[in-house]
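Going line by line, the protein sequences match chains W, P, Y, A, R and X. So the first sequence is residues 5 to 101, counted in my numbering. So the second sequence is residues 5 to 101, counted in my numbering. So the third sequence is residues 271 to 390, counted in my numbering. So the fourth sequence is residues 271 to 390, counted in my numbering. So the fifth sequence is residues 4 to 140, counted in my numbering. So the sixth sequence is residues 4 to 140, counted in my numbering.
No lab work stands behind these hints: they were computed from the structure. The structure displayed is predicted, hence computed values, not measured ones. Among the hints, erroneous ones may be present.
Simulated restraints on C-beta separations [unchecked claim]:
#: 1; chain 1: W; residue 1: 15; chain 2: P; residue 2: 5; range: 35 to 41 angstroms
#: 2; chain 1: R; residue 1: 38; chain 2: A; residue 2: 322; range: 48 to 54 angstroms
#: 3; chain 1: W; residue 1: 44; chain 2: X; residue 2: 86; range: 30 to 36 angstroms
#: 4; chain 1: P; residue 1: 16; chain 2: Y; residue 2: 323; range: 34 to 40 angstroms
#: 5; chain 1: R; residue 1: 34; chain 2: A; residue 2: 339; range: 33 to 39 angstroms
Computed cross-link-like contacts, DMTMM-like style, restricted to lysine to aspartate or glutamate with a CA-CA straight-line distance of at most 25 angstroms [stated by the list, open to error]:
#: 6; chain 1: R; residue 1: 80; chain 2: A; residue 2: 358
#: 7; chain 1: W; residue 1: 44; chain 2: X; residue 2: 105
#: 8; chain 1: Y; residue 1: 342; chain 2: P; residue 2: 57
#: 9; chain 1: R; residue 1: 93; chain 2: W; residue 2: 45
#: 10; chain 1: A; residue 1: 300; chain 2: A; residue 2: 349
#: 11; chain 1: R; residue 1: 7; chain 2: W; residue 2: 45
#: 12; chain 1: W; residue 1: 74; chain 2: W; residue 2: 26
#: 13; chain 1: R; residue 1: 8; chain 2: R; residue 2: 112
#: 14; chain 1: W; residue 1: 54; chain 2: R; residue 2: 132
#: 15; chain 1: Y; residue 1: 353; chain 2: A; residue 2: 372
#: 16; chain 1: R; residue 1: 126; chain 2: R; residue 2: 112
#: 17; chain 1: W; residue 1: 24; chain 2: R; residue 2: 116
#: 18; chain 1: Y; residue 1: 367; chain 2: A; residue 2: 358
#: 19; chain 1: P; residue 1: 44; chain 2: P; residue 2: 55
#: 20; chain 1: X; residue 1: 80; chain 2: X; residue 2: 41
#: 21; chain 1: P; residue 1: 44; chain 2: P; residue 2: 96
#: 22; chain 1: P; residue 1: 6; chain 2: P; residue 2: 73
#: 23; chain 1: A; residue 1: 273; chain 2: A; residue 2: 360
#: 24; chain 1: P; residue 1: 6; chain 2: Y; residue 2: 304
#: 25; chain 1: W; residue 1: 6; chain 2: A; residue 2: 304
#: 26; chain 1: P; residue 1: 24; chain 2: P; residue 2: 45
Don't be surprised by glycine CBs; every beta carbon is placed ideally from N, CA and C.
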Amino acid sequence: MKLVVFVNEYKEPPILDRLKAEKFGIVFVQNGVYHTTLKKDGNSSPLLSKDAELYALSEDLESRGLSADKVDPKVKVINYEGLVDLIFNDYEKIIWL
Amino acid sequence: MKLVVFVNEYKEPPILDRLKAEKFGIVFVQNGVYHTTLKKDGNSSPLLSKDAELYALSEDLESRGLSADKVDPKVKVINYEGLVDLIFNDYEKIIWL
Amino acid sequence: MAKLTIGCFSSLVGSMTLDFAVKLAEAAVKKGHEVDLWLSGNATMLGKTRQSNFRDYSYLAGTVEELIKTGKFQVTICEACGKARGIDKEDVFEGVKIHSMDWYLASAFSADRVFHIGGE
Amino acid sequence: MAKLTIGCFSSLVGSMTLDFAVKLAEAAVKKGHEVDLWLSGNATMLGKTRQSNFRDYSYLAGTVEELIKTGKFQVTICEACGKARGIDKEDVFEGVKIHSMDWYLASAFSADRVFHIGGE
Amino acid sequence: MAIKKFAFIVEKLPYKSETSRLALTHAIASQTVEIYLEDGDNVEPVIAFIGDGVLNMLKGQKALDIYGVTSLEMHIKNALLLDLRVLVCKEDLDRYGLTEDDIVMDAEEIGGELTTEVVPYEKIHQEMESADHLMFF
Amino acid sequence: MAIKKFAFIVEKLPYKSETSRLALTHAIASQTVEIYLEDGDNVEPVIAFIGDGVLNMLKGQKALDIYGVTSLEMHIKNALLLDLRVLVCKEDLDRYGLTEDDIVMDAEEIGGELTTEVVPYEKIHQEMESADHLMFF
């Protein structure tokens, strides 16, 4: 299956490690976007090491004062328009964690 | 200060370790009551090892199908009436985490 | 007998937090204490008229009406939080007051205990 | 052009989740897609009349009204969730529909994608 | 003519929010969805509890007596009574030291015939794969 | 005649919920509380950001442009403008590698004179001890 998961909080969702799919994406939205820019005690978020395509929503980065140039290079920054295409073209099933 | 903290979720509140007081209490309410009865992978919740008076709200245990006789012996089970007395007689300041 | 001010910022149905606040208020009033309940954020919905008592949802309006009758209990919703949600004096049931945020601070000023429930 | 069904179960003001759902719906409609928005739980408040547009609170009613005018967007609130909160047909603004929960499943049935936001 | 399978996956704890309750009531709404669909079309629901969500299944919940609100236990029995499939993740029950004795396994007392299926996570993953749409609570 | 000190402690992240916003608006409401109090009585507020709450203080928040809602940055500047004391926990800024350059330190552009105090947690603990009432967001 082609599965895209939305991480909306700045913590590690307990169920994430179990989810699997042939094509697997993670979109960081809302407070999930902190995962893509912040280091805690010098460490990047463990979510950035997942075997998945990683995306962050630009509107939610900017709202919080996080500039796109600080986003980890593994993460692709997209906007709402890009998100619509992602949902229809690249994935079939969606999970909001 | 005499401080009582309310834990309402079944996770470890990040700030709890920093709070301190001469008299310190923790009341487990809502989904916090799982801390007082459940073991995860065989281990009791680390919150039960805090240096504090521990209480659990009986109404919230019973709503969830958790019987009072399964509550860890370190924890005193009280009801809403007991909670009112606790707030007025035993503590001065209250934090809902 | 003492005064307890409870501030609740959580949503009406869907979070049992408001149920907790109302049950605590009820227990305190039964023991002869005075209780002020401040409803901010989504908790302002507690004041809405015509809530239906369905078994699949929390129903607190009835308990609140009984508590108001005791004369030992005041419930006030945050004016701005209410209006943002389309809830103003036309939309609240009898006995529910509406004030700006300073009312909560004034209630806390004279309270023996403040139980502030800050929201999720 | 395809159909997206969004189910949102989070609260109106106080959780930016409903803002997310409305922005996503807006972006999809702009691209020519059809969007159904199902509001359950506290999200039913989005249909409430007379919401005030304050800068300190999210204000989504205006965007929703514009989206309804496009003819590509339907918004429906859960009947029971609404009534439990005192929100029925007298309380919703023009264009907002009210149905039982099976409406959401029927909308999902014919959708190309379902974006279900299950609540906190 | 099509039957579409919807998987209702419950991962959240009960009562703090309405989430798991709405999962059950929406799954049960599949009983009446036909009125909106064309002849022969229908929805086939499956409900699965994983992670902390398995705690929704505990027996003896007194939420109705105490808070005046239907317990999750009652919702689950209703689902079984209406022949909805209810799955529970075995690994997660094990993590909490829970067995079939601790959870709602049937709705016999109200005339239900179906029983809860305690299954490995892999089985729930397969249900998610074969479902047409996922609703994750 | 009494002055009562209220400590508004913000530990939650911004935007996901209204929590931190309501902390600021309620603290600012102390400016008008006198109308309800007797002569000479008043409330003295102090606002402190700890834990993840320090992220409310980041500069450059575009919430108003994007979501049409006042940013926390603007609320904090308003608080400083009105001479409310704003404290931030130094250890928590350090954890995220943040410095005074990254956060709102003053409201000079709108005529504010007070500046943010970056302080060790111990200082915030003392404020909690000396406060008459705690409001923890």
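(request) Would you pick out the hints that fail for this structure and give their numbers low to high? (result) 1, 2, 6, 8, 9, 10, 11, 12, 13, 15, 16, 17, 20, 21, 22, 23 and 26
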